[in-house]
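Here's the letter readout for the chains.
2 protein chains.
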Amino acid sequence: MSKILVFGHQNPDTDAIGAAIAFAALQKELGKDAEAVALGTPNEETQFALDTFKLTAPRVIQTAANETDEVMLVDHNESQQSVADLKDVTVLAVVDHHRIANFETANPLYYRAEPVGCTSTIIFKLYKEHQVEVAAPIAGIMLSAIISDTLLFKSPTCTEEDKAAANELAAIAGVDLEVYGLDMLKAGTNLGTKTATELLTLDAKSFPMADKNVRIGQVNTVDLKEVFDRQAELEAAMQAAMQVEGYDLFLLVATDILDSNSELLVVGAPVAPVEAAFGVTLENHRAFLPGVVSRKKQIVPQLTEQFGI
Amino acid sequence: MSKILVFGHQNPDTDAIGAAIAFAALQKELGKDAEAVALGTPNEETQFALDTFKLTAPRVIQTAANETDEVMLVDHNESQQSVADLKDVTVLAVVDHHRIANFETANPLYYRAEPVGCTSTIIFKLYKEHQVEVAAPIAGIMLSAIISDTLLFKSPTCTEEDKAAANELAAIAGVDLEVYGLDMLKAGTNLGTKTATELLTLDAKSFPMADKNVRIGQVNTVDLKEVFDRQAELEAAMQAAMQVEGYDLFLLVATDILDSNSELLVVGAPVAPVEAAFGVTLENHRAFLPGVVSRKKQIVPQLTEQFGI
Chain A
1 MSKILVFGHQ NPDTDAIGAA IAFAALQKEL GKDAEAVALG TPNEETQFAL DTFKLTAPRV
61 IQTAANETDE VMLVDHNESQ QSVADLKDVT VLAVVDHHRI ANFETANPLY YRAEPVGCTS
121 TIIFKLYKEH QVEVAAPIAG IMLSAIISDT LLFKSPTCTE EDKAAANELA AIAGVDLEVY
181 GLDMLKAGTN LGTKTATELL TLDAKSFPMA DKNVRIGQVN TVDLKEVFDR QAELEAAMQA
241 AMQVEGYDLF LLVATDILDS NSELLVVGAP VAPVEAAFGV TLENHRAFLP GVVSRKKQIV
301 PQLTEQFGI
Chain B
1 MSKILVFGHQ NPDTDAIGAA IAFAALQKEL GKDAEAVALG TPNEETQFAL DTFKLTAPRV
61 IQTAANETDE VMLVDHNESQ QSVADLKDVT VLAVVDHHRI ANFETANPLY YRAEPVGCTS
121 TIIFKLYKEH QVEVAAPIAG IMLSAIISDT LLFKSPTCTE EDKAAANELA AIAGVDLEVY
181 GLDMLKAGTN LGTKTATELL TLDAKSFPMA DKNVRIGQVN TVDLKEVFDR QAELEAAMQA
241 AMQVEGYDLF LLVATDILDS NSELLVVGAP VAPVEAAFGV TLENHRAFLP GVVSRKKQIV
301 PQLTEQFGI
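Residue numbers (UniProt numbering), protein chains in the order written: chain A, 1 to 309; chain B, 1 to 309.
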């Protein structure tokens, strides 16, 4: 039997990579021949976490069926966010904390989703349910994923379970949660060295809404002005990506991780559902969204509702 | 806040009703205002189980949005098997053991699926995880669901977890598993008093396959001949249902619960994928399927594969 590949979504963030590493390690403890892989290289925040806990970045794959029949998904389920040939392999398991959409199987499977802030919080629970001890580096990368997904507990997606898991994991990993957390988040905000296209693809996902293909990218920063100084360059890159990839609408959400606000940049059409979703009027293609930090909870459902699905 | 409605699939079987009763009872223990309802009246097997454990059949609903905003699904997820207005309510939770298809949410939710023989096996596990004691009648209806779904452990869908759960639940419910189990299954095979249309709708589900609408009904019997003595009557009722409901293909699976074989009756088109799926040639619209007892494991995936989804 071929190896079971375990992976998170495209444009992997720290949870996509951390949850894959942690879930594959759990599967190995349970006797399965599993390997964590990734659908992209780590971003700077994730690389900082991997380096801190002396873990190797998972091997990058584009397709799965060329090397296995069986996969496990973490931190995503929507097929357009997954490996290109998902339909050609059997999904044995999913562990996720997102909405369910564009996901379909021919056979029953193990599916564990909970409305918590981070997939790694659920995976930590699975370690406990199976009474498997968590090694310090695995605890470190799961902790990093929780800090990343909840912006150090500031996101409205964060639950008491996430906080409790993070505290336990910090103790196992042997780091100071607050100090390590802010260091790690800051490592991901080094935007100046990146091209506009790199910024757009850092953490971007596609969402079909009604008959539109909506792309939503997010960047974390400690200085919104630094991002919007490059607005013209960003808009040109968004237009180019829309041409190439067939997006109808492209939203870039720039999130200030210190103040917990976001500024939105919108290219494409229709913009009316965007304005209605957030109760704003776009000016110069932009709108300030006070208190908005979560794409999953404060962007996607509101937009989805306006598109009338 | 309105009451959370908890329900299983249309044409409810013992698991659809039993799992709804058990999961609603668990939610109440956890402080939620939940009510078990059903998308149809109990069949004779389920009624036998309800009577044995002195439980009342759940209230039947057709739509949910007229009385609540929030629902929990058990034993199904596919929207065409659910309440008619599923898209108008929020699905808070799903507990299921089927494939995932035609299911989509705008928000993250609690989703717990495991590839075991019965939803009630998973719900019994949830009672344990939450350290909630199972009352004897609730144990009885969960036990009944496991016996029903696994045909007293003879179905290939049955796992060691189902058997272990059933044994524990029989002890709590205070019944002899084998004796009660066979009595209950036999109570569901009283087909002679039913019209052809009643037989077809006893346990029938719709499955979109490629561009076809496939209906698959199943009846349990201790005498296949008794079923097929009524073949002409059954075919006429299947044709009529296809006209009214727009099915392209209608399969009736008559399952001998003592010998663990099935006989298939097929009306509509295309039949080529059916013959290919089971390696048979239909004669007089029929084919014998030795060892086949599970629609979920031995019918739907094989057909789905032939339809090329």
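Be aware that one or more of the hints could be misleading.
Same chains, same names: a pair is fine if it fits in one copy or spans any two.
Pairs of lysine-lysine residues, derived as PhoX-like cross-links and limited to a Cα-Cα distance of at most 25 Å, are as follows [what the hints assert, rightly or not]:
#, residue 1, residue 2
1, Lys-194, Lys-28
2, Lys-28, Lys-225
3, Lys-225, Lys-32
4, Lys-297, Lys-32
5, Lys-3, Lys-163
6, Lys-186, Lys-28
7, Lys-163, Lys-212
8, Lys-163, Lys-194
9, Lys-28, Lys-154
10, Lys-163, Lys-225
11, Lys-296, Lys-186
12, Lys-212, Lys-87
13, Lys-125, Lys-32
14, Lys-225, Lys-154
15, Lys-87, Lys-297
16, Lys-154, Lys-87
17, Lys-297, Lys-3
18, Lys-125, Lys-212
19, Lys-194, Lys-128
20, Lys-28, Lys-54
21, Lys-186, Lys-87
22, Lys-212, Lys-186
23, Lys-163, Lys-87
24, Lys-212, Lys-28
25, Lys-87, Lys-32
26, Lys-54, Lys-212
27, Lys-225, Lys-194
In case anyone wonders, no lab produced these hints; they're calculated from the structure.
Here is how each hint holds up against the structure:
1. In this homomeric assembly, Lys-194 and Lys-28 never come within 25 Å of each other (Cα to Cα): the closest approach is 37 Å inside a single copy and 52 Å across copies.
2. Within a single copy, Lys-28 and Lys-225 get their C-alpha atoms no closer than 46 Å, and across copies no closer than 50 Å, so neither meets the 25 Å cut-off.
3. For the identical chains of this complex, Lys-225 and Lys-32 are neighbours neither inside a copy (48 Å) nor across copies (46 Å), given an alpha-carbon limit of 25 Å.
4. When the C-alpha separation of Lys-297 and Lys-32 is checked against a cutoff of 25 Å, the pair qualifies only between copies, where the shortest distance is 23 Å, while the shortest distance within a copy is 34 Å.
5. For the identical chains of this complex, Lys-3 and Lys-163 are neighbours neither inside a copy (34 Å) nor across copies (29 Å), given an alpha-carbon limit of 25 Å.
6. For the homomeric pair Lys-186 and Lys-28, neither the shortest alpha-carbon distance inside one copy (33 Å) nor that between copies (44 Å) is at most 25 Å.
7. Neither within a single protomer nor between protomers do Lys-163 and Lys-212 lie at most 25 Å apart by alpha-carbon distance, with minima of 36 Å and 48 Å respectively.
8. When the C-alpha separation of Lys-163 and Lys-194 is checked against a cutoff of 25 Å, the pair qualifies neither within a copy, at 32 Å, nor between copies, at 57 Å.
9. For the homomeric pair Lys-28 and Lys-154, neither the shortest alpha-carbon distance inside one copy (33 Å) nor that between copies (31 Å) is at most 25 Å.
10. Taking the closest pair of Cα atoms, Lys-163 and Lys-225 never come within 25 Å of each other, the shortest separation being 31 Å inside a single copy and 62 Å across copies.
11. With identical chains, the CA atoms of Lys-296 and Lys-186 are at most 25 Å apart within one copy only, with a shortest distance of 21 Å there and 50 Å across copies.
12. For a Cα distance limit of 25 Å, the shortest separation of Lys-212 from Lys-87 qualifies both inside one copy, at 22 Å, and across copies, at 19 Å.
13. Within a single copy, Lys-125 and Lys-32 get their C-alpha atoms as close as 19 Å, and across copies as close as 22 Å, so both meet the 25 Å cut-off.
14. In this assembly of identical chains, Lys-225 and Lys-154 lie within 25 Å of each other by CA distance solely inside one copy; the values are 21 Å within and 66 Å between copies.
15. For the homomeric pair Lys-87 and Lys-297, the shortest alpha-carbon distance between copies (19 Å) is at most 25 Å, but the shortest distance inside one copy (28 Å) is not.
16. In this assembly of identical chains, the alpha carbons of Lys-154 and Lys-87 never lie at most 25 Å apart, being 37 Å within a copy and 31 Å across copies at closest.
17. In this homomeric assembly, Lys-297 and Lys-3 come within 25 Å of each other (Cα to Cα) only across copies, at 24 Å, whereas the closest approach inside a single copy is 35 Å.
18. Neither within a single protomer nor between protomers do Lys-125 and Lys-212 lie at most 25 Å apart by alpha-carbon distance, with minima of 37 Å and 41 Å respectively.
19. Proximity of Lys-194 to Lys-128 under the C-alpha cut-off of 25 Å is found in neither arrangement, the shortest distances being 40 Å within a copy and 50 Å between copies.
20. In the homo-oligomer, the alpha carbons of Lys-28 and Lys-54 lie at most 25 Å apart inside one protomer (19 Å), although the nearest pairing across protomers, at 46 Å, exceeds that limit.
21. Proximity of Lys-186 and Lys-87 under a CA criterion of 25 Å is satisfied in neither setting, with 38 Å inside one chain copy and 41 Å between copies.
22. Taking CA atoms no more than 25 Å apart as the test, Lys-212 paired with Lys-186 passes in neither setting, with 34 Å inside one copy and 53 Å between copies.
23. Proximity of Lys-163 and Lys-87 under a CA criterion of 25 Å is satisfied in neither setting, with 36 Å inside one chain copy and 33 Å between copies.
24. Taking the closest pair of Cα atoms, Lys-212 and Lys-28 never come within 25 Å of each other, the shortest separation being 41 Å inside a single copy and 41 Å across copies.
25. For the homomeric pair Lys-87 and Lys-32, the shortest alpha-carbon distance inside one copy (22 Å) is at most 25 Å, but the shortest distance between copies (38 Å) is not.
26. For the identical chains of this complex, Lys-54 and Lys-212 are neighbours neither inside a copy (42 Å) nor across copies (53 Å), given an alpha-carbon limit of 25 Å.
27. Proximity of Lys-225 and Lys-194 under a CA criterion of 25 Å is satisfied intra-copy only: 15 Å inside one chain copy versus 74 Å between copies.
The earlier numbered hints that this structure contradicts are 1, 2, 3, 5, 6, 7, 8, 9, 10, 16, 18, 19, 21, 22, 23, 24, 26.
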